[in-house]
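Number of protein chains: 2
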Amino acid sequence: MDQAIAVVGGTGNLGAALARRWAKAGKSVIIGSRQAEKAHEAAARLGAELGVTVRSASNVDAARAADIVVVTVPFASQAGVLEEIGPVVQGKLVIDTTVPLVPPKVARVQLPPEGSAAQRAQHLLGSDVRLVSAFHNVAAHKLATDQPVDCDVLVFGDDKAARSVAVELADCAGLRGLHAGALANSAAAEALTSILIFMNKTYRIDGAGIRITGQLDFSASAD
Amino acid sequence: MDQAIAVVGGTGNLGAALARRWAKAGKSVIIGSRQAEKAHEAAARLGAELGVTVRSASNVDAARAADIVVVTVPFASQAGVLEEIGPVVQGKLVIDTTVPLVPPKVARVQLPPEGSAAQRAQHLLGSDVRLVSAFHNVAAHKLATDQPVDCDVLVFGDDKAARSVAVELADCAGLRGLHAGALANSAAAEALTSILIFMNKTYRIDGAGIRITGQLDFSASAD
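Residue numbers (the working numbering), protein chains in the order written: chain X, 1 to 223; chain U, 1 to 223.
If we strip away everything but chain X, and leave its shape as in the complex, we get (with noise of 0.2 Å):
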């Protein structure tokens, strides 16, 4: 049987999309927020819409009853969130969407100073919690939609296998998702996103988004 992913934060911008298409993909999804009401709310109506049933809770109790937990929340949330299911978490898949946007300048990159915001969500949840980054470039009002989105998901973490379940959830969003490397390198996807904001505006695109460009060999990635 598939495994349960909660999305906490599941009823934000990014977590809503993520839910829709999952859900859309025949994934088993339960939506967190803070507000259990507001979960519950917003899974009537995408089960409504889709057909399917979709699970709802708070967002500890979404991350409790899960497999794979998947953190859709703003930076100013992170740390409390990541506390709050923590304890729910530990030996579990955590994939950390969080980008190090300190508003007003969201166009400027301000890594924190763990290095990136997935090495800070390790270090808040501890080293037995499989932690991996990814779906930071992608803009959500895009992916909430149903038309392809032209953008690559950069996934990172230490552990390949781990990585390995966050680039099929990618791919089963409809984008590509790509092995990028250690925790660490989550930086340059954090990052990124600050230089994608700033071309939105500077280039007046509607969600720009990233490709890796060259011939890929994939079969070359499963050894």
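It is possible that some hints are incorrect.
When chains are identical, the list treats them as one kind, so a pair holds in a single copy or across two.
Within a straight-line C-alpha distance of at most 30 Å, the following computed DSS-like cross-link-like pairs (lysine-lysine) qualify [stated by the list, open to error]: (1) K105 x K160; (2) K142 x K24; (3) K105 x K24; (4) K160 x K38; (5) K27 x K92; (6) K201 x K105; (7) K201 x K160; (8) K201 x K92; (9) K92 x K38; (10) K92 x K105; (11) K27 x K38.
Since the hints were made in silico from the structure, they are not lab data.
Assemble the complex: chain X is given as a structure, and chain U must be docked to it using the hints.
Positioned in the frame of chain X, the structure of chain U alone reads:
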């Protein structure tokens, strides 16, 4: 008359490839090298190939003679070279291409304490230098050919007019130069190079690059 471009470290892989593309595009190029003799040899070869005159000198003499100074040296040489040319580049436009790769783990992001090699360069050269960073992600062996290179050049700097010069130099090297914001944003492209190195290995790519996706309105960037 065209401004003279010194390529400091112009006998290295990236420097030689940039010098060649710019000379071919009719730019006035001065190849610099630690050893003037090596620069002379490279300039003579390039001049003979293209049927143009290519000047050459030691790094510091090349920088002294030029209006625009492009620094293409390994991270380990950055500080020494910048200290050497510092006195002769005050008030000039310097384009730093340094990527903070720390062998042997070049596929791992290891940004310097200043946040980026570009900010380190500004610190070393002082605030009278108009500093821009660019050309972090392009594969030198691809740039060395006459073929199109499938890679955008992200250009960083706190002075928009200075950035525009580097954007134009990217364009006339057959790449797509893009304004990417403040000098602090350079961390994104510098970190990305380690990701591309990781992907070249993981997916057996012959020189991965990056593209910004979306519909760009180039008239907007002139505002």
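Cross-check of the supplied hints:
1. K105 x K160: between (34 Å within a copy, 17 Å between copies)
2. K142 x K24: within (16 Å within a copy, 41 Å between copies)
3. K105 x K24: neither (35 Å within a copy, 40 Å between copies)
4. K160 x K38: Answer is neither; intra-copy 35 Å and inter-copy 44 Å both fail.
5. K27 x K92: This pair counts as within: shortest intra-copy Cα distance 17 Å, inter-copy 57 Å.
6. K201 x K105: Answer is within; shortest intra-copy Cα gap is 13 Å, inter-copy 35 Å.
7. K201 x K160: between (36 Å within a copy, 14 Å between copies)
8. K201 x K92: between (38 Å within a copy, 29 Å between copies)
9. K92 x K38: For K92 and K38, only the intra-copy Cα distance (25 Å) is at most 30 Å; the inter-copy one is 57 Å.
10. K92 x K105: between (34 Å within a copy, 28 Å between copies)
11. K27 x K38: Intra 21 Å, inter 61 Å, cutoff 30 Å: intra-copy only.
Violation of the numbered hints given earlier is confined to hints 3 and 4; the remaining hints are satisfied by the structure.
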